[in-house]
Structure formats: C-alpha cells, structure tokens
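Q: Sequence:
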Amino acid sequence: MQPFDYIVPHNFAEASALLMAGNDDTRPLLGGTDLLIRVRGGFIRPERIIDLKQLPGMCDIVRSAEGWLVIGAACTMNQVAGHPLVRQEYELLAQACESVASYQLRNRATVGGNCCNASPAADSAPALYCLEAVMEAYGPSGVRRIPIHEFFTGPRCNALRPGEFLTGIHLPPVPSRSAGAFNKLGRTKIGDISIVSVAVWAEAGSRKLEAGGQSKHPERVDGATRTAADGQSKDAERLTWRIAIGAAGPTPLRAPEAEAALAEDASPEGVARAAQLAAEAARPIDDIRASAAYRRGMVAVLARRGVNSVLARLGAAPSVVGGQP
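In terms of my numbering, the sequence shown opens at residue 993 and continues consecutively.
No lab work stands behind these hints, which were simulated from the structure alone. For every residue, glycine included, the Cβ atom is placed at its ideal position computed from N, Cα and C. A hint or two may mislead.
What the hints assert, rightly or not - Computed Cβ-Cβ distance ranges for the label pairs, DEER-style:
(1) D997 / R1136: 37 to 43 Å
(2) N1003 / E1272: 45 to 51 Å
(3) Y1095 / G1134: 33 to 39 Å
(4) R1169 / R1032: 45 to 51 Å
(5) R1169 / F996: 47 to 53 Å
(6) P1147 / A1013: 38 to 44 Å
(7) G1033 / P1154: 53 to 59 Å
(8) I999 / E1058: 21 to 27 Å
(9) E1090 / W1060: 29 to 35 Å
(10) G1197 / S1056: 30 to 36 Å
(11) R1136 / A1013: 18 to 24 Å
(12) P1154 / Y1095: 20 to 26 Å
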C-alpha cells in the first residue's frame, strides 16, 4: 500500500481547509471500510487522509431542541442500530443498518460513510429516503443542509462541494403511530451487497368523517380510511406512505405513484398494484450480480412484503405475504 500522511484536524474549519487544499490528493476518513480497501487495492492513491471521527459531535446521537434526531456522520452502523431512540422511533433505519455486511464490519462502518460513498446499493439510503433525512455538511461557507434526495447525484457521486464534509444526518420527528420495514436481497443472506433493496414507511394521521358518511367496507382498514358502519362521526385513520428502492437505479429512488396508490387502497389488490408500480419506478441495470429484469421483479416482491409488514404492525389486515425469493 502506498504511504500517505494521516492527519487528525482539531476543528471543523481546519478539516475543511485541509480538504480544500488537497483536492483529489486528500481523502476524508470516517470508518474506512471502503476507503482503505480502495487504497490497498491501488484504485486510489491519496497523499493525505484526514480523520474526521474525533471532531465534536461526529460520533454522537442526540435529540435537538426542535425534536429532530441528529446522528453524527461517524456513528457506526452498530451504534445507530442499537441506540434506544433509533430502535423506538426510527426502527426502519435500525433494520437497514443491521443488514449491512457482518457484525464486525458494522462496528467500523459508518452511516455517514455509507451515504458519502453514494453507492446505489447503500443499505442505509432507502431508509433515510423514507424518513426524509436532511444531511448536514460543513465547508468553506459554513454549515449547509441538503435534503437526502438531493445528496445522491449519481453512482459514487454526492452533492458535497470542494472542502465540504458530512457532519451529521438529521431525522425529523415521527408520529407515534408509524412503522417501517426494510428488505434486501443479496446472493447470500448475510454480508452481501444488495442485489435490490426496498424500504417502506407509513405514518398514521386522523381526520374527522362527517355524520352520514358511508362506507362499502365498514371498519375495514384500506390504507386510506377506517369508517363506522352506522355513518356516525368518528376519527378515521389515513396512512401516508413512502417507498424507497436501492440498487435499482443510478441513485436510490422513491416510488411516488406506488405511495399514492397505497394511500387510496391498501387492500390485498391495492397492495399488489402498488408493488407493481414500485417495480415500474425502478431503473435497474444488468450486471454480474443480477439482470435488470430480475431486479425489477424482486422490487415488486420486496415492496409487497414490506407493505404487508407495515400494515401488520399498524394493526391493519395485510394481504398474503409473497413467497421467499
């Protein structure tokens, strides 16, 4: 492995200045599980590596005054997956983090690094898309916040500008009645890169039905409303859905048509229709791990499985879960 200078900056401004001055000869370090493999393999030859882990807050998980959960960019996958607040309120992200590689690697790999690598198959990304995360960066102009859907710009390309580095991931507060499910398909059940992955999230709100409202299916939860058979005024539950797909396009992507379809109808037939719409939203390629056609088909399978899991957790009646791939 080619020698390089290892530098630990004392503050954010120094780190930004070092990255700005170094250009392509300088690389930031969070967990290093991808960076050091690429250096060892000769794919990149940095002269300097800037270790960001010891900067303030980079390894912390805290609740902000506004109620957002702030995850430091250098927090490891296991640290995030095991944190009580993540498990209680953002379990979708915990599921995604626990799916990454092996337990040993998750002790080193970071959520921030997973995003900054910007692999279309990054397992944390679909969950963060569903949770509508906001990425916080620091650079020559100070702090900048980037919505997650703007952070991934292409395969291994992100929205960070010269001299910028990721400092944290901000997750907005979630309703008490919410649930998520993350499913991935790899060549092996543990430790493999995703052939395709799907994250599903639903939030429950309520609105008031006017007296005299009618329903063809009294008390049935269809993903849109639950109404009373006698037409009396009562709270009706409406689910807001988010579906995000990984490893099936140049970046992770949302499936808005599938989300809208589920909001109107999450009956067994509606779930099947939404799963097909999710598959149509995918933009997969043929590569050594799978064909585009197989990936598209598995998006539908994993989307349906995820929706059914979420419905079950929210107390709705799911359709029959599809068979194992």
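Q: Hint by hint, note whether the structure agrees.
A: Cross-check of the supplied hints:
no.	hint	result
1	D997 / R1136: 37 to 43 Å	27 Å, violated
2	N1003 / E1272: 45 to 51 Å	48 Å, holds
3	Y1095 / G1134: 33 to 39 Å	37 Å, holds
4	R1169 / R1032: 45 to 51 Å	47 Å, holds
5	R1169 / F996: 47 to 53 Å	50 Å, holds
6	P1147 / A1013: 38 to 44 Å	27 Å, violated
7	G1033 / P1154: 53 to 59 Å	25 Å, violated
8	I999 / E1058: 21 to 27 Å	34 Å, violated
9	E1090 / W1060: 29 to 35 Å	23 Å, violated
10	G1197 / S1056: 30 to 36 Å	23 Å, violated
11	R1136 / A1013: 18 to 24 Å	19 Å, holds
12	P1154 / Y1095: 20 to 26 Å	36 Å, violated
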